[in-house]
Amino acid sequence: MTLVNKKWSEQQFLDTRQEVLGTWPTGAEVDLDEAIAYQKSIPEDKRFCAKLNKAIDDKVTLIQPRAGVALIDKHIELLRFLEDEGGADLLPTTIDSYTRLNRYSDAEHGIKESIAQGTSMLNGFPGVNHGVEGSRKVTESVKSPVQVRHGTPDARLLAEITIAGGFTSFEGGGISYNVPYAKNITLEHTMLTWQYVDRLTGYYEDRGVSINREPFGPLTGTLVPPSMSNAVAVIEAVVAAEQGVRNVTVGYGQCGNLIQDVAAIHSLRQMTDAYLKRFGYNNVIVSTVLHQWMGGFPQDEAKAFGVICWGSAVAALAKATKVIVKTPHEAIGVPTKEANAAGLRATKQVISMLADQEMPMDEMLLAEIDIINRETRAILERTLELGDGDICVGTVRAFEAGVIDVPFAPSRYNAGNMMPARDNKGAVRYLHIGNVPFDKSIVDFNQKRLQERAKADNREVAFQMTVDDIYAISNGQLVGRPNK
Amino acid sequence: MTLVNKKWSEQQFLDTRQEVLGTWPTGAEVDLDEAIAYQKSIPEDKRFCAKLNKAIDDKVTLIQPRAGVALIDKHIELLRFLEDEGGADLLPTTIDSYTRLNRYSDAEHGIKESIAQGTSMLNGFPGVNHGVEGSRKVTESVKSPVQVRHGTPDARLLAEITIAGGFTSFEGGGISYNVPYAKNITLEHTMLTWQYVDRLTGYYEDRGVSINREPFGPLTGTLVPPSMSNAVAVIEAVVAAEQGVRNVTVGYGQCGNLIQDVAAIHSLRQMTDAYLKRFGYNNVIVSTVLHQWMGGFPQDEAKAFGVICWGSAVAALAKATKVIVKTPHEAIGVPTKEANAAGLRATKQVISMLADQEMPMDEMLLAEIDIINRETRAILERTLELGDGDICVGTVRAFEAGVIDVPFAPSRYNAGNMMPARDNKGAVRYLHIGNVPFDKSIVDFNQKRLQERAKADNREVAFQMTVDDIYAISNGQLVGRPNK
Amino acid sequence: MDKKTLVIGVIGADVHAVGIQILNFAFQEAGFNVVNLGVMVTQEEYIEAAIEAKADAIVVSSLYGHGELDCQGLREKCDEAGLKDILLYVGGNIVVGKQDLTEVEKRFRAMGFDRVFGPGTPPETTIEYLKKDLGVA
Amino acid sequence: MDKKTLVIGVIGADVHAVGIQILNFAFQEAGFNVVNLGVMVTQEEYIEAAIEAKADAIVVSSLYGHGELDCQGLREKCDEAGLKDILLYVGGNIVVGKQDLTEVEKRFRAMGFDRVFGPGTPPETTIEYLKKDLGVA
Ligand code: B12
Ligand code: B12
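Residue numbers (the numbering used here), protein chains in the order written: chain A, 1 to 484; chain B, 1 to 484; chain C, 1 to 137; chain D, 1 to 137.
Among the hints, erroneous ones may be present.
[What the hints assert, rightly or not] Heads up, simulated PhoX-like pairs for lysine-lysine below, C-alpha to C-alpha not over 25 angstroms straight-line:
#	chain 1	residue 1	chain 2	residue 2
1	D	Lys98	D	Lys4
2	B	Lys112	C	Lys77
3	C	Lys4	B	Lys112
4	D	Lys4	A	Lys337
5	D	Lys98	B	Lys337
6	B	Lys455	A	Lys54
7	A	Lys112	D	Lys132
Calculated from the structure, these hints are not laboratory results.
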């Protein structure tokens, strides 16, 4: 099958389905007609799309944790705790790393070890192994809509099982769940597997069941310049829309500078709307999500609360539709349910106190939106050019050419020539442009900002800044200044 | 002695001193010449003024906790913990409530009970009872400058003892340590006792020892409109300057709306400078302090972190010279040293992440600074008029007339006719103007903003809003909306 | 004369003035006669006011942490003044620091208080208990 | 040939790519030969690389929580492959969740690791131990 940005025919989709469902015994549990009927029985207030749409109308920011453990009962207990004690508006089910790599027998081993040791030996919920029934047990046991969150390059079976299992939102995309999460998998391959997921979502949509899809915004979570991650989000939104997806949440991982972060959310919304419209997808509802700082956290819990709360403030001031919440255990390990709920409550407090406030649209903010828009457009236009107008083909070639280039990505299909660093106010800029196709004015802008920092740091602009910036937040700073 | 804003003659000061020192045995320990020599031996990096002045130059925000327990050793342990484990830049010594009311024998009883019960039975450090030697033990045992923080209407003896004891900053003022902290004490009386404290500070200053003075900005800490508390801060700065004080920190208690809070700090700085200059005090160094939300806190510790961190962000974005830090135990009781240090670390994390950022000076911010400036000037000009140009006389009359009127104050010398409430974005406005001397444009501005809220709340502008606002933050909101 | 009368105030050297203003407001709304002594109230003032107003209960508020020292002996003084069995409530942040509430309750009950309330008790809760204890429908 | 050789990589299905890039950089700066296998490294890959490079130590990084499952049997496989007594380090966020570190260390030592490091260990610390254990001045 060759990759182009074109809606799969129903036949092509249904043929592929047979293969997909056969890759693990629980695949047999999925009956699409029955699943659609089941989804239709889920009340509105437990549907992701409905809750997001209402939040857009009300201009409020919803809060959502990450969470997942190996065993169904424990997982339900965890989710209930997060809605009752944490006040989560939206629930997650974070999938374990074996399932993400389709290593279902390793996941099975993890389940058994977890039962034996009396504690979760998996870093998430093995959704495929627990099957449609297991999934339904989960989604039926809670009051809020539940989303699958993972990092799975080939999530076709996981999508089949969990959507049939009553989940009403599915995170990921052909780029965002490849480049940060895989080493040896081609973009061609994952863009195809994710077209399948989008086509499946479209199949439900065509039959009156709206499922939310969310590209994973933060990518590697480590100093990704807003325009780079936003460009990826726009591509995944467009690709999803072509397969029939009608409800998309585009995401962004907080970088730490207030103006840049608020601008990034505004730009993300503007660019997604603009490109969806340009390609004629006029009936897609777009919401936004801000992820609280996704890089290395401070180990101290009080300091971690500082990072969490600052991310919450930015989400509220940017009026993101939802915010993904970190926990005070972030730097150490998968959080206890108590730590997870504490992160949620701190977040809720800040979000609520800022519910009626937003960042004024002043000159500095407008200028920052403008530069992010220009950078994003430069990347996207070159990508389209490379694909001769096809965004999927263009994406594969853009990665080859280093036009799209994600810092610190494990994937060998990512060029890794671009290098970011913070400017003197902590905004993330392009230190080495690599092959990212920026015109002189953009290059100069980035260089000028980094020169300002170099002057303040009393050193040259160099990679050491990047290294210092990687450690900065966990060491209680934003900009990694040289030791005095 | 009659109250006027005029520097006390040295004779008058020294005569009063004899009385003051005689009110408790430890008064005899104070020898001014010896104390000045002792103060001169304190190294620069342990002096409040020096550290504040450097922070002004570096445009950084220092962090300071509140803390005090009954016994010297325990108190030293506490302060050391706060600098080592909390990273406090400036240290406090919070004085107990008996000492604040000059009930030194009750404090003595509290000290004994604390020894007997093995836990502090006083809510602070009884500085007078511990005397000069006890104070020196404290200030010598720590690395950072230490300030006396209290709420004492007549703090003359406390000032004598603690400044001789090596403290380099002293909080309070004739209004701010009366109206929120006393019931039956006239303003005339406290303005006189605080002239004494300022004169004492000036006496040291004249001899080359700079002691920082800090009017208590937040007053009752409960919905005080910025212009009202700023007006009081300006008066106390002017009055202190007349007595020879040369280093003043003016303060403000966070209200919760970002724009208003940042504007309030800017306005506070502008108005203080303007009035000091107007009265010819040209060599006073002014710094600012933001107090994290001073009203009722949420009981939940995670939520309390939310309030703490939001206050930290505002302090950093306003570039206040220092921030006074709350703790996750705030709603419950005097914090453990661990909880206190946790509040500090969360604060430090946020402050450091925002060190290189500030709120852009855009139209909305400028407009808010302008309204606070106009309101503050209206109050101050009427006060001066009432005093026939004398700010002290004017202040007493302004309180009688309700021109200065602090909400929820326990003092019977406060009119209590003015009533505040939040507008639709959470900024604190004047609901009942009472006798506060505002012209029509200011009255209309306040009313218009409250009408916006009334409309959103779907109810009339009324006192119930105030009641709801009092509970709002502890219930996880900023604006106290009616239950739906 | 069905209305029950409460004497309320903040004990000792405590100046926390917000809560008591709200309690005053709430108790009146709930149909009680309220004598509000405000802040910094001595034991003697509560007793005098209670005698004068023929009060059914004394509601002691303490926020600042010295509550335990301030409340010692109040029940005995009430007894001496002839206010036998008058209902005694105490609430607020009544001890120094975060302490185990059941322990605290025990200590204040031993001092003769009929009910002891922890930090942030909402007015509705207090009113409910008052009605129950004073036999108001 | 004084330089000691390290084989480094992130074990199992773990894709956390930032830390290992920094370790690679830091170990080289500190004067080691480094064979960096990157992320998602199998036990076999470590062993093959160690044999080929005549490595003095294998530094296993694990961040994602499955470290305990992924590391089982590595020492035995080293022994079988003839890498007798090769220095084995493990570090990162090596178990699921916040656990008592001394307990965790015990379990990994029982698996045959010579040193076990907790979350966020700075490169300088690791380098110090490597120099000590490998007898580098
Ligand atoms: C960034 C990040 C991500 C990025 C990674 C992008 C990429 N490809 O690199 C993304 C978002 C993709 C991601 C995904 C996941 N992550 Co992640 N991630 C992080 C995070 C926030 C920072 C990691 C980082 O880059 N730190 C900066 C570098 C410089 O530090 P470092 O990695 O700690 O490495 C240093 C030291 O530890 C030490 N060190 C490392 N190895 C060794 C070895 C030895 C021998 C020694 C001595 C020292 C040493 O030296 C390094 C350099 O200084 C951490 C939490 C944190 N630390 O704050 C979680 C964290 C590691 N992730 C976690 C998890 C669970 C996941 C996911 C499974 C699920 C999820 N949350 O989505 C997936 C895993 C996917 C997979 N198959 O691996 C957990 C692990 C939990 C546990 N162990 O109990 C953590 C701890 C977060 C948490 N508390 O839940 N993650
Ligand atoms: C505002 C405030 C102040 C203001 C008070 C202004 C004024 N004059 O009113 C200022 C800044 C001046 C102040 C000063 C001090 N304060 Co103060 N203050 C507070 C704060 C933040 C809010 C209090 C408030 O107004 N709440 C809103 C009202 C509506 O709620 P409330 O007072 O709790 O009352 C309600 C309920 O508790 C209940 N209730 C009250 N009484 C009773 C009685 C009964 C029988 C029942 C059933 C219910 C009940 O009903 C009320 C209405 O809903 C609290 C901490 C908090 N709660 O977050 C600390 C707090 C009460 N203060 C404290 C302290 C120590 C002080 C000081 C000694 C030292 C200092 N920090 O400067 C001085 C004391 C001066 C003195 N002599 O009293 C401590 C007490 C510690 C303890 N008990 O262990 C607290 C808890 C803060 C802390 N954690 O350290 N304070």
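Each hint tested on the structure:
| no. | hint | verdict |
| --- | --- | --- |
| 1 | D:Lys98 to D:Lys4 | violated (34 angstroms) |
| 2 | B:Lys112 to C:Lys77 | holds (24 angstroms) |
| 3 | C:Lys4 to B:Lys112 | violated (41 angstroms) |
| 4 | D:Lys4 to A:Lys337 | violated (44 angstroms) |
| 5 | D:Lys98 to B:Lys337 | holds (24 angstroms) |
| 6 | B:Lys455 to A:Lys54 | holds (21 angstroms) |
| 7 | A:Lys112 to D:Lys132 | violated (40 angstroms) |
Checked against the numbered hints given earlier, this structure breaks hints 1, 3, 4, 7; the rest are met.
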